[in-house]
Structure formats: structure tokens, C-alpha cells
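Each chain, written out:
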Amino acid sequence: MATYAPSLLGVLRLRYRPKRIFGRVLIYSALLLWTFICLFPIYWTISTSFKVAVDVTHGHLIPWLDFQPSWKGWRSLGLSPDTIGEISNPREEFLQRFENSIVASVGASLVACTIGSLAAYGLNRFKYKFGPWRNKDISFFFLSQLILPPVVLALPFLVLYRELALLDTKVGLILVYTLMVLPIVIWVMRDQFAAIPTELEEAAFIDGASVWGAFFRIVVPIALPGMVASFILSVILCWNEYFFASLLTSTDAKTLPVMVASQTGSQGIDWWSMAALSSAAIAPLVFIGIFLERYIVKGLTAGAVK
Amino acid sequence: MENSLPLAGDHQFALASHGVSARRQNAGRVLIALTSLVFVVAFFLQVLHTIGTLSIGFETWRPVLYAYLLWAVGLGTGQVMIRGEHGHQAAFLLPALLFTVAVVIFPTFFGLYIAFTDWNLSSLTGSHFNGLDNLSALLHDAFFWNALSNMVYYVLSVSVQYAIAFGLALLLNADIRARKFFRVVFLLPFMLSPVAVSWMIGKSIMEYRFGPMATLARHLGWGSPAFFATPWISRISIIAMDSWVWIPFIMVLLLAGLQSLPGEVLEAAKVDGANAWQTFWKITFPLMGFVSITAVIIRIIFELKLADIVINVTAGGPGGATDTVSSFIYREYRDRSNVGYGTMLAVFYLVLIIIFVTLLLNFAARWMRKVA
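In order, the protein sequences belong to chains Z and P. Add 2 to the 1-based position in the first sequence for this note's numbering, that's all there is to it. Add 114 to the 1-based position in the second sequence for this note's numbering, that's all there is to it.
These are calculated hints, taken from the structure and not from any lab test. There could be a bad hint or two in this list.
[Said to hold, decoys possible] Heads up, simulated DSSO-like pairs for lysine-lysine below, C-alpha to C-alpha not over 30 Å straight-line:
#1 Z:138 / P:484
#2 P:384 / P:396
#3 Z:21 / P:384
#4 P:384 / P:484
#5 P:317 / P:384
#6 P:317 / Z:138
#7 P:317 / P:484
#8 P:317 / P:396
#9 Z:21 / P:396
#10 P:384 / P:294
#11 P:396 / Z:74
#12 P:294 / Z:172
#13 Z:21 / P:419
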């Protein structure tokens, strides 16, 4: 039996062939190029929030080297160190919009995850018959809501909300946002429940558990990561929503994207305050993206990969 | 409405059927009847009040909403009381179903009604039925057809996004260091709100005087870089921003697909002496068929809703070159309060979308069958 023992030199040659090195360089330069494309706008926005007019017009890029960072942009929001203790109207407004955004997106995501998970579980485990409709048709009905463009519902909602006195309220926004993310939650959760073997519940039934008992005590704990994933995905989508928010809210329930959009209209180069506002608006999502990336990917890929 | 009977003996669990006493069943029926009655009475009371035949009624329609909620709770509880175990099963589905019916079906039919009126929120005369006037106005509205034809370009741009996303997914799937870092960074644009992106990129980085991209373009020899002045360049600029946000989405799906590819097949190709190029086109790409089609279809569905970036960066300009249907209708309402006509446009667009997506799904299903 001839054993093949590669010499150290051979291994090195194999590992550091010119062609291989060339390939490596190509891969890493492509990766770095796209990293730059992804990060530059974020870097630009954050750095611009520390600039003054001269730095903007001269296109300075690197703090301390190119320009001396200043708190000007953050001061206009009332969020710089020297103004944080004082009373500031812009900050009051910003915080109110921020709060509205949180209430609307978290509220809608909670509602959607609750009723969406229940429906997804029911559709996965029980057989329904609703007139001529079976499970497949009901699932399709829910998922088909995805193709509905917001613009179709926006104007009827506007008129209806006026009659219902829901215009410019957070409850109104929560209802619309729940509708928007419900198909996505059902899509993700159906996939999650399908992966849980029915034997687990059957064992619980033998022990005398009811349908609800088995669901809450056995299924929910197992499906929790999937629920968290769909929840986070929903929060992101609701947080970024602009179309409905701009039509259905005016003063009380205005969300952060509407505030950002209303400021972009004002021309001129007080870019520092716009940059500060944008940075503050995207900051929560950047953190979610960095720390909860696993869940976002889990939510996005559910059902897409066989 | 109440015949959501699970087929007896057809469900996946062998459940011991609990006998439900006749008294309980009757109580359930009474509960449903009562709450339905409350809802119907509240509804018609308010209809009559609004028309003006009745003086009693509520100030707004909100109590009718509460009545609907009460009816929903009554229906759910009633189902449980009448049908026992099957009622419990129905109770899983009912909340989502009743919610969707209330907030989609009803507004859609209401929208259909609005679409055939001359309702303008700023006019004092209220709304009047005007038959097919809106539809004929739509057929002669050059701006609407222009917006619709722009949608073709936007949808076609998905193919470019797909190609780039596939490249990125391959890069991330390669044997690289710091994969986690690159994955997080590549996903970041997807997290940012399109409105913030409109400012960050559209209004500042691409700004023609001080924006870094304009500076770069000047260095590269483009004398007066203007990204939103001529139709094609502004269209491409909008597409670039939209792609920046959405490429990560396609990439994540494709990466998951790549990671679930059977390793043995790729290994076998290597043993057979296939080079990387051949392996990709003959094995990886065909195996990615299902994931690719799913990703592209979902992406197209979202592309058809494109509005935020256009509204905030160009407002449809120059001369409607970047207008999407959604942003056009948005301005129709915002600038002219023309609810009736705007809704007709939206409904017409919805019909087109349904036809288009149905064709797309059929085409995809047929293609998948041919391949599989």
C-alpha cells in the first residue's frame, strides 16, 4: 500500500499558487468595495452631523484630519452635550416622533405576531372548511395581501379614518401596520410550525392538555426564535414605513420618517441638522442590524429555501 | 359565515371529541345572535343618521367599530360554546381572519365605490356618482401612462439587482475570513428607512454642488454632474438608491440557498475536473432555481410598491421621468385632494398588478415543473 505523504514544500506550493493568491485578492477587493458602498452613506451622514458650513462646502471627509468636529448639528436637535440639560423644542418634537414610531411599530408587530402566529398554527395543524375555501385557499388569501400596494388602501383608509375619528391617532397607525406585516408574519410562522413534529402535541393531549394548553406550553417555547424573528422583521418594516404615515397622520401621531421627510424639503445647506436627524432616525435600526442580524436573516429566509 | 366546520375526522390530531351540552350550545347561539344584532343595529342606526333620516346616532362611526369588535368576540366565544373542540380550533384562525376582512375587504369595496365618484376633499359639494368619467379620464391621462411605463424600467432593474445580489452571495459563501462582519455590513442598507436614504444619498451625497459623488464625478471628467436633471440619469439614480436598499434582501435569500446546496454534488463536479466557471453555470445556478424565482418574485412585488424614495428625492421629476404609479397617485391626493380619481387610478393599478403577478406565478410554476 503506497501512502502518499505530501512534503511541506508541496503543501505550501499548493496553498500559495499564484492563481490562488490572485483569486483571493479579487474576492477580498470585491468584498471591501461593497463594504465601502454599504458603509459610506452611513459614515457620511454621521460625520456630516458634526460639520459646519465650511466643511460641507469644501467636502471634508475625515474628522480631526480634515475638519474639527463640532456639535452644531446635534445642538439644533437639542441633543448636544451643552443643550441636553436645557429645554429644547426641537428635541421635544424629535422625542415625540421617536415615541410615536416606537409605539406604532412595536404595537403593530405585537398584534400581528399574536394573531398571525395563532392563524399560522391553525392553518398548519387543523383542517378548516369555510364554504368552498380550504386551508390552502385561506393561506393564499392571507399571503395575497402582500401584493396589495399601499396606495390602493391609502385613500379609502383616509376617508374611513375621518369617519371613525382615527385620523392622526396611534391606534389608527397600528391597525394599518398590523395589516401590512400580518402576511409576512403568517408566512414566517407557517414555516416555523411546520418544522415542529406533531408528536409533541399528541403526547401533551394524552397527558390531558387542551389545544390551547399544548399550544402555549409546548409549541410556543419551541417556536419562540421564529416568533422573535418575525417580530423584529415587522418592527423594521413598520419603523421605516412612510406612505401611510404621511397620509394618515398630521400632528399628534406623526412618526419619525414623516418628520425626516418634512425637513428634507427645506433647501439650503444646513446639512448638519438634517444629518443629525437622519443619524438619530437610523441609529436604532443600525443597532438592531448589528446585534440581531441572525434573527433578521432567519425571518427573511423562512419559506424561501426548500 | 359560520360554516367553518372542520371536516369531521379529517384533522391531523386524533382528538377525543368532548360532548357539548345542549344548554351550552343554545347559550352560544344566543350569544352570537345578540352580538350580531347589536352590530347590525349600530351599523344601520349610523347609516340612517348619516343620511339624515334619523336624528339619534353617534357623532362618529367609531362606536360601530366597537360593535364590530364585540361581534367578533361574541362569534369566537359562541363558536367555542357550540362546537367545543372544533370551535377552539376555529378560534385560532378567527382573529386574523376577522381582522383582515375588516381592514382589507371592507376598505377595498369602499374604495371601489369612491373610484366611481368625483369626490374631492377640498370641494364643498361632497361626492357624486359620476359613472365611468374617472375611467375615461384615466385612459387619456398621459402622466398616468408615463408613470406606468416607468414601472416597466423599475421592474426590469430587478434583474440587475439580482445579478449583483447573486455575486455578493457567492462572495459571502466563499471561503473567507470575517464572514460574519461582511454579512452584517452587507445587510445594513436594508435596515435603513427609504426616507432617510432619500436624504442621505439622494439629497446630500448626490447633491450637485457639494455631494461627494458630484465631486468624484468632476474629478473623473464630468464637468457639471447633475444626477436628477435629465430623464435617464435621474431614473438610473433612483434605481441605484432603490437597489442599494433592496439588494441585501435578495442577497440574504440567495445566500441561504447557496448554503443549503448539497455539498457532495459540488464535490463530485470538482473530482470530475470541472472548473469554477463550469461548476457555477452547470450545477450551482440550476440548483438555485427555486430560491432565485422566489427571491425575484417577492422583489418584483415590492418593487411595484416603490414610492418613498421617488416622493422624497425627485417628486416624480424631471418631467415625470422617475414617477412611479404610487408616487403619482400620492401627489394626485396631496396636491389636488382628488380622492375619487386617485382611487380609480389605484384600483386600475391593482387590477394590472393582479393580472401581472398571476401570470408571473403561473409562468414560474410552469418553469419549475419543466426543470424539476
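Quick rundown of the hints versus the structure:
{"no.": "1", "hint": "Z:138 / P:484", "in the structure": "holds (23 Å)"}
{"no.": "2", "hint": "P:384 / P:396", "in the structure": "holds (12 Å)"}
{"no.": "3", "hint": "Z:21 / P:384", "in the structure": "holds (17 Å)"}
{"no.": "4", "hint": "P:384 / P:484", "in the structure": "holds (27 Å)"}
{"no.": "5", "hint": "P:317 / P:384", "in the structure": "violated (49 Å)"}
{"no.": "6", "hint": "P:317 / Z:138", "in the structure": "violated (46 Å)"}
{"no.": "7", "hint": "P:317 / P:484", "in the structure": "violated (47 Å)"}
{"no.": "8", "hint": "P:317 / P:396", "in the structure": "violated (44 Å)"}
{"no.": "9", "hint": "Z:21 / P:396", "in the structure": "holds (23 Å)"}
{"no.": "10", "hint": "P:384 / P:294", "in the structure": "holds (27 Å)"}
{"no.": "11", "hint": "P:396 / Z:74", "in the structure": "violated (57 Å)"}
{"no.": "12", "hint": "P:294 / Z:172", "in the structure": "violated (37 Å)"}
{"no.": "13", "hint": "Z:21 / P:419", "in the structure": "violated (45 Å)"}
The earlier numbered hints that this structure contradicts are 5, 6, 7, 8, 11, 12, 13.
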